[in-house]
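Undergrad: Next come the chains, spelled out residue by residue.
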Amino acid sequence: MSGRRGLVLLAGLVLVAMALAVLVGETPLRAGDYLTALARPGSAPGEILWTIRAPRVVMAALIGGALGLAGAALQGLLRNPLADPGVLGVSASAGLGAGVAIALGLAAIPGAIEVAALAGALVAGALVVTLAARFREPETLILLGVSISAFAGALSSLVYNFSPSPVTTAEVLSWMLGSVANRDWPDVVRAALPATLGALLVAWSARGLTMLTLGEETAALSGLPMARLRAAAVGGAALLAGSAVAAAGIIGFVGLAAPHLVRRWAGDDPGRTLLPSALAGGLLLVLADLAARVIPTEQELKLGVVTALFGAPLFALVAWRAARSWRS
Amino acid sequence: MIPAWESQGLVVWQGARQALRGAGLTVMPGEMVGVLGPNGSGKTTLLRAGLGLLRPQAGTAALAGRPVNGIPEVERARLVGYLPQERRVGWNLASQEIAALGAPDLPPARAREVAADMLTRVGLAGFGQRGVLEMSGGERARVLLARLLATRAPLLVADEPAAGLDPDAQLLTLELLRAEAARGAAVAVTLHDLTLAARFCDRLVVLAEGRVAADGAPEEALTPEVLLRVFGLDGALVGSPAGPVLAATRAAQRPPGELGR
Numbered sequence: 001m002s003g004r005r006g007l008v009l010l011a012g013l014v015l016v017a018m019a020l021a022v023l024v025g026e027t028p029l030r031a032g033d034y035l036t037a038l039a040r041p042g043s044a045p046g047e048i049l050w051t052i053r054a055p056r057v058v059m060a061a062l063i064g065g066a067l068g069l070a071g072a073a074l075q076g077l078l079r080n081p082l083a084d085p086g087v088l089g090v091s092a093s094a095g096l097g098a099g100v101a102i103a104l105g106l107a108a109i110p111g112a113i114e115v116a117a118l119a120g121a122l123v124a125g126a127l128v129v130t131l132a133a134r135f136r137e138p139e140t141l142i143l144l145g146v147s148i149s150a151f152a153g154a155l156s157s158l159v160y161n162f163s164p165s166p167v168t169t170a171e172v173l174s175w176m177l178g179s180v181a182n183r184d185w186p187d188v189v190r191a192a193l194p195a196t197l198g199a200l201l202v203a204w205s206a207r208g209l210t211m212l213t214l215g216e217e218t219a220a221l222s223g224l225p226m227a228r229l230r231a232a233a234v235g236g237a238a239l240l241a242g243s244a245v246a247a248a249g250i251i252g253f254v255g256l257a258a259p260h261l262v263r264r265w266a267g268d269d270p271g272r273t274l275l276p277s278a279l280a281g282g283l284l285l286v287l288a289d290l291a292a293r294v295i296p297t298e299q300e301l302k303l304g305v306v307t308a309l310f311g312a313p314l315f316a317l318v319a320w321r322a323a324r325s326w327r328s
Numbered sequence: 001m002i003p004a005w006e007s008q009g010l011v012v013w014q015g016a017r018q019a020l021r022g023a024g025l026t027v028m029p030g031e032m033v034g035v036l037g038p039n040g041s042g043k044t045t046l047l048r049a050g051l052g053l054l055r056p057q058a059g060t061a062a063l064a065g066r067p068v069n070g071i072p073e074v075e076r077a078r079l080v081g082y083l084p085q086e087r088r089v090g091w092n093l094a095s096q097e098i099a100a101l102g103a104p105d106l107p108p109a110r111a112r113e114v115a116a117d118m119l120t121r122v123g124l125a126g127f128g129q130r131g132v133l134e135m136s137g138g139e140r141a142r143v144l145l146a147r148l149l150a151t152r153a154p155l156l157v158a159d160e161p162a163a164g165l166d167p168d169a170q171l172l173t174l175e176l177l178r179a180e181a182a183r184g185a186a187v188a189v190t191l192h193d194l195t196l197a198a199r200f201c202d203r204l205v206v207l208a209e210g211r212v213a214a215d216g217a218p219e220e221a222l223t224p225e226v227l228l229r230v231f232g233l234d235g236a237l238v239g240s241p242a243g244p245v246l247a248a249t250r251a252a253q254r255p256p257g258e259l260g261r
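Sequence order for the protein chains is F and G. My numbering puts the first residue of the first sequence at 1, with every later residue one more than the last. My numbering puts the first residue of the second sequence at 1, with every later residue one more than the last.
In short, the hints are calculated from the structure, not lab data. Small disclaimer: the values here were computed from a predicted structure and weren't measured. Check before you lean on any hint, since a few could be wrong.
Stated by the list, open to error - Example chain F residues on the side facing chain G (calculated, C-beta under 7 Å, incomplete):
{"hint": "1", "residue": "Arg-79"}
{"hint": "2", "residue": "Glu-217"}
{"hint": "3", "residue": "Leu-221"}
{"hint": "4", "residue": "Ser-222"}
Virtual Cβ for every residue (Gly too), placed ideally from N, Cα, C.
Make a model of the complete structure from these sequences and hints.
TA: See the structure below:
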């Protein structure tokens with residue numbers, strides 16, 4: 001089957017990109033250094049590869065996969081190619097949580113920012129799950145998500161407004177730009193746990209997402225437990241996006257772009273788009289982070305800036321095409 | 001015999017508007033029932049309330065003799081297949097995949113076989129791999145009809161299945177539903193075309209402002225008096241070689257009264 005071959009190909013590309021990203025970096029290494037790193041992980045080249053680069057690359061793949069999967073789940077759920085974790089207000093709420101933690105001076109406590117961000121994401125997720133049960137129309141959910149997003153953004157601005165020092169504001173802004181620099185293995189594990197739970201929930205909802213292609217009423221009478229499948233999709237997407245924001249700040253557009261890149265090839269089926277979207281998201285973010293590292297700039301490019309630079313024009317393109325299909 | 005579908009005394013408020021004022025419907029196995037009425041008379045609401053898609057403020061609805069809200073989702077899907085009026089499809093799936101969604105209870109390969117059979121029945125043999133959003137509106141309507149038939153449910157409910165179709169597709173749609181009734185299924189359809197309704201249905205239920213204004217065989221239900229009172233038409237069903245045909249003009253004067261429009 002071409003679908004399965006493509007999946008293997010995509011997974012292979014992710015692995016190649018990850019290997020490349022571990023091998024290439026700011027510190028130039030010679031062939032002998034790579035051999036040393038393989039033979040003695042504790043050596044200086046070994047430290048660079050296994051302690052600095054590898055966790056960063058794995059984190060990029062994990063976060064990209066989480067965002068891609070969350071985007072695919074939300075697009076399927078809302079039957080809208082413009083949906084993305086940002087739409088539900090999850091990213092903005094996570095950003096608010098982190099901003100509050102930084103403004104309160106908790107940044108020095110290890111993990112405090114992450115916990116606050118995940119808490120913000122989960123509050124938004126819980127709110128959205130409640131609203132999704134109450135309002136079944138996808139348009140309503142999108143509008144409510146936009147309101148949540150705007151309100152969380154307003155509260156974040158309030159935090160900067162009252163922040164005691166410009167240093168704090170700069171810190172919050174820097175975190176908001178999104179990055180996977182300087183992550184270690186425990187960071188990866190902390191992000192992987194909630195993301196795995198979210199991925200399982202989303203995977204379980206796949207049948208429901210496919211059935212929703214025919215609309216709410218047909219799905220409601222299809223025999224599938226739609227209320228639970230819908231809650232799993234929203235809750236899973238919130239966990240995925242929340243863990244991504246908690247681990248790496250706000251990285252936009254991967255959730256939008258990844259499903260878009262693989263949809264046609266997955267037969268347009270929102271259920272079958274999930275896994276390829278996760279792989280495509282991982283691939284995108286590993287490559288974007290590699291670009292952020294190797295493009296020579298005075299200060300390192302932030303990952304969120306790179307994805308936004310490429311993602312915003314893509315968003316316009318998707319909107320353009322969607323508008324054309326709505327007219328037909 | 002237990003009715004495949006029965007509802008009684010349904011009252012539904014939609015905001016400040018009372019969409020149903022005590023209407024009900026009974027469909028027996030092997031029977032094809034047409035639900036008629038002007039726009040806003042409550043046809044779709046009657047179907048949706050009867051299927052448990054919305055909760056009525058009063059009244060009862062039962063599928064195969066069991067209260068509709070007490071039936072678990074999986075069993076309800078075995079009892080009824082529903083084709084909503086809304087034909088928007090979210091994604092460009094192949095038409096065979098869409099039709100196969102009618103049979104989520106079957107293993108995927110078997111569901112695709114059933115879907116292929118049903119696509120052949122609706123005249124779309126060989127179109128299985130065509131993306132449903134790349135089809136014309138009429139073709140897409142046939143794919144959705146194939147999805148309804150793929151449910152193989154003992155009760156088929158279709159909301160405006162003939163709307164927007166060319167004459168050939170309208171006749172095909174109603175012939176296929178008629179054939180399901182002949183095989184023992186209970187069929188309920190809402191229709192605006194009174195000629196098609198009189199020709200294909202065993203019984204017609206005419207709604208006016210949320211109430212049942214007439215219920216009976218086509219000639220009993222669509223009397224000149226009902227045509228005038230409910231639809232504002234001057235005319236009658238007349239015989240033709242192909243079956244009854246509505247011959248009517250807009251009535252010059254609408255009679256006053258509760259049901260007059």
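Undergrad: Take the hints in turn and mark each one as holding or not.
TA: Right, here's what the structure says about each hint:
1. Arg-79: Nearest chain G Cβ about 4 Å off; hint holds.
2. Glu-217: holds (5 Å)
3. Leu-221: Where the cut-off is 7 Å and the nearest Cβ of chain G is about 5 Å from Leu-221(F), the hint holds.
4. Ser-222: Since chain G brings a Cβ to about 6 Å from Ser-222(F), closer than 7 Å, the hint holds.
Taken one by one, the earlier hints all hold for this structure without exception.
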